[in-house]
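Make the full structure from the sequences, and use the hints.
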Amino acid sequence: MSEKISKHLTAERAMQIAEDYREKYNLSGTIDSTKEGTAKFYTQFDDSNLPVWLVMVSIIPTIFEADDEYTIVISDAEAQVRYLIDPNGHYYAPHTKEDGLTDKEFGQLWNEDSEDN
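To convert, note that position 70 of the sequence shown is 478 in my numbering; the numbers rise steadily by one, no gaps.
Keep in mind the hints are simulated off the structure, nothing from the lab.
One thing to keep in mind: the hints can contain errors.
Below, computed lysine-lysine pairings styled on DSBU-like, alpha-carbon distance capped at 30 angstroms [said to hold, decoys possible]: (1) LYS415 <-> LYS443; (2) LYS443 <-> LYS432; (3) LYS448 <-> LYS432; (4) LYS432 <-> LYS415; (5) LYS448 <-> LYS415.
See the structure below:
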């Protein structure tokens, strides 16, 4: 028997949290609230057993990006952004620093990751 999960957020509220976060950290892209599937609820995601909302943000890809969107992962219980998944599948959390990662710091992380491969 499957257990019914009680959602704290609606899709609309998750998209508003994502939009506020996108604006606060001056992130590119648009959140299309009219498009079905822009916000999806998952009872668990990644290595967490916690319910989250995934909000898709459409972007115009550059030569460095593999996809035309990135994902904002929002905790359903806390009603706040946990992290982003960039168009290449890398995790990123601008809120972990006072003003987020600078372009230089993000570039250094990118270079460190690519040297390991």
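Check: Going back to the hint list, which numbers does this structure go against?
Finding: none
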